[in-house]
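Student: Protein sequence lines correspond, in order, to chains A and B.
Counted from 1, the first sequence has number 103 at position 103 by the working numbering; the numbering is strictly sequential.
To convert a position in the second sequence, counted from 1, into the working numbering, add 1000.
A few of these clues could be false.
Mimicking DSBU-like on lysine-lysine, the simulated pairs with C-alpha atoms at most 35 Å apart in a straight line are [what the hints assert, rightly or not]:
1. A:Lys95 / B:Lys1031
2. A:Lys95 / B:Lys1017
3. A:Lys95 / A:Lys183
4. B:Lys1017 / A:Lys183
5. B:Lys1031 / B:Lys1017
Simulated from the structure, these hints should not be mistaken for lab results.
Chain by chain, the residues:
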Amino acid sequence: MAADIEGANPVNDEPQLVERARSGDREAFGILVSRYADQAFAVAYGFLQHAQDSEDLVQDAFIRALERIDSLGRGSAFGPWFYRLLVNAALNRRKYLARRRTEDVPATARSQDSPAADSDRADLRRRLAGALGSLPGDLETVVILHDLEGFTHPEIAGILGIPEGTCRSHLSRARRMLRETLKEYRHQ
Amino acid sequence: MTDRHDDRPLAELEALKAPPRSDMERRRAQKRILAAAEPLLARRGRPSSSFDVLAAWARPGLVAASIVLAVVAAALKLGASGEAVEAVALDDVLASGSGGQVPALLVAGSEPDAEAFFEVALLERNGNGTPPPEETPNGGERQR
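Next comes chain B alone, as it looks inside the complex (with noise of 0.2 Å):
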């Protein structure tokens, strides 16, 4: 509630006005704020070349860029881990072979089949052991 008693200002506030200030001081004041804008008014001044343009704009492509390089290489590894394989050392692949079978992958006359590999990689971690072993033209094993 509002009385009239807070209609008028505290007369104590008088003693926290700023103090009168002669011409000179007033003037010299006011010559050191020009003073300090000048350069910045000479720059306002000058006519902005085409490589001003291209600093002023040169920050905020930095930062654009470097957003649109976050998101796109979020977006890879957001894509990438959805079918993502867990990954198989070659020692493993390798060791895999040595119960005397030597994985296709590895024997293979062409070059190396990606899908291939994974698929051998997967048998191995899926408990399958190792590949079919492969058998000799008369239905047995090859032994050596």
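Excised from the complex, chain A in its bound form (with noise of 0.2 Å):
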């Protein structure tokens, strides 16, 4: 799924876009935005599960990324780089939401579905949503981008500047801990 969006695979011509954009050039950041913007609305989204408030967030990572694109060396992928910044702004959002907000229920809850199903449906995405949030260090975003957008392990090491080793070992240890989180729930 990622694999297809130049993350950690840039096409040949993402150093000249980003070449480009560095110098103010309309189109070729259009491109990248264009690239990039969908899954970062996903990625966003796996970790806000807020529609808005991911797509703000995107919209302050594409900015933040303009403002930084003299800090990406020449001939660097634009899609880790792009990606890094964009989960740290994720985390950074969560804390601040968090503290703003008491309880969110996203709007994807709603559904035509009963009001029972509904309310556990909304039930189960806080839980997993909370289990997701208190895991320690990078295991939260292997999780996300990995089991919920499909990005390949040398990609998330790419883009958290990690082994490939340590990804996996990651991975694992998070869903053994997701599966221990949510056991009691789905016993109910």
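Can you join these two chains into the complex? Each is in its own frame, and there are hints to help.
Tutor: See the structure below:
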């Protein structure tokens, strides 16, 4: 899924696009936005579980990327650098929102199902989001990128700047912890 | 220890996936991003004038200058404190002369000499009392 969005496999024109965006080329920056915006939204949603907040976050991440694009090494891939920026921004935003909100029912919780089914789903989502958010260090990010958004281990390793093996062990550990946390819920 | 169970993602995680967005929503979101980026892109596209370059360096320049000033001030203070002499108030010096003697410093015809001043002050401080009394030509002390 993520392999076709140049996350860790930038297409040949990407260094040129970055160079052009560096000098204020709207078209080049627009191409980068169109390539990454959708996946970035999905990743942001994995962290924030709120559509509007995720859109805002993606916009902020692109603006921040443009502000700091000079720090991206010549010829370096835009994708991993951008996603690292996005993930950091998502973690910060969530901390900020958690202080501001006491409770948030995501928009996706609304459906055509019965109120009871909706309530169950919302409850599961809250528990899952809580369990994910309580994972230490990079574990949550690895789960979101791998299990939710389909990034590969090499891609995630590139984004987080960690060895691929560490990424795999993080994922395994995170899943085990999530299963433990959700065990109680499953028995209900 | 990792068992095979941990090799599979949790099925429940599907519930956390982003809702699908329509083409229109996606286009609108991208337009919003580009509109927000417009001022930055415009600034990047403009060739930088010498004023821009100076302005860009102004803040780091001020910070560097402040650091240098702080270091120089600290060095001067440290250097001065190494050979600092406790300040003596002028009143004290004058008072010391009230016992009938006026410090030589105050009656000197020439301009005050800093070394002489400190010497007097140190003498006062060390308890050596007033400077040696002036002697009259016949060997006795001059009376007021």
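Student: Indicate, hint by hint, whether the structure satisfies it.
Tutor: Evaluation of the provided hints:
{"no.": "1", "hint": "A:Lys95 / B:Lys1031", "in the structure": "holds (28 Å)"}
{"no.": "2", "hint": "A:Lys95 / B:Lys1017", "in the structure": "holds (20 Å)"}
{"no.": "3", "hint": "A:Lys95 / A:Lys183", "in the structure": "holds (26 Å)"}
{"no.": "4", "hint": "B:Lys1017 / A:Lys183", "in the structure": "holds (21 Å)"}
{"no.": "5", "hint": "B:Lys1031 / B:Lys1017", "in the structure": "holds (23 Å)"}
Of the numbered hints listed earlier, not one is contradicted by the structure.
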